[in-house]
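Participant: Going down the list, the sequences are from chains A and B. The first sequence: position 38 = 38 (full-length UniProt numbering), numbered continuously. The second sequence: position 59 = 59 (full-length UniProt numbering), numbered continuously.
If you're looking for bench data, these hints aren't it; they were derived computationally from the structure. It is possible that some hints are incorrect.
Since copy identity is lost for identical chains, a pair holds within one copy or between any two.
Lysine to aspartate or glutamate pairs mimicking EDC-like chemistry, simulated, CA-CA at most 16 Å apart [stated by the list, open to error]:
id	residue 1	residue 2
1	K31	E68
2	K35	E5
3	K87	E72
4	K35	E3
5	K87	E9
6	K65	E9
7	K35	E72
8	K59	E9
9	K87	D60
10	K59	E21
11	K31	D66
The structure displayed is predicted, hence computed values, not measured ones.
Protein chains: 2
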Amino acid sequence: MTELEKSMESLITVFHRYAKEGGNKTTLSKKELKKLIENELPNFLTTQKNPDTVSCIIKDLDQNKDDELDFEEFVPFVAGLTIACEKHFALHHEKKGKK
Amino acid sequence: MTELEKSMESLITVFHRYAKEGGNKTTLSKKELKKLIENELPNFLTTQKNPDTVSCIIKDLDQNKDDELDFEEFVPFVAGLTIACEKHFALHHEKKGKK
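Generate the whole structure from the sequences, applying the supplied hints.
Facilitator: Here's what the structure looks like:
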């Protein structure tokens, strides 16, 4: 498997590792999403000052309004985060290049 | 770095590995996208019968109509592909479970 294919597989695996825990086994509850962010994105939640961050994320992404995130609703979260990281990286790279 | 963070980093790294080649160093041309798909998603292009697949993909994703894909335009392609893979996986899993 290539690096890109492995990344895609990891995203699916990580989602299901947390989704399968309680309640609906194929979606993330607020509690499961919180756990996923804390364990898998440890640098993300600590930078967020708002204690309601997880609720806000679910509200933003939950298209069918069932208070849970299925995989299709979860992917835009990681996609958006990756785009933000890339912008930060590009900016840093540009600044370094100009020195 | 966690598995999910590594996946996000890989996506950025793979994109830039191909984007930096010719012309605009921060976007994928049609030629660069074709190379990326052939090398990094070897199972994807072979299943597509249409020889114009790469042109169609660019046309679909190229929001600012410059015939190139920047990172923000590229991410939805991988996101959509991952969602399709997950659906396939879930369907397969469900069928297996019912046996």
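Participant: Run the structure past the numbered hints and jot down the numbers of the failing ones, going up.
Facilitator: Of the numbered hints given earlier, those the structure breaks are 6, 7, 8, 9 and 10, listed in rising order.
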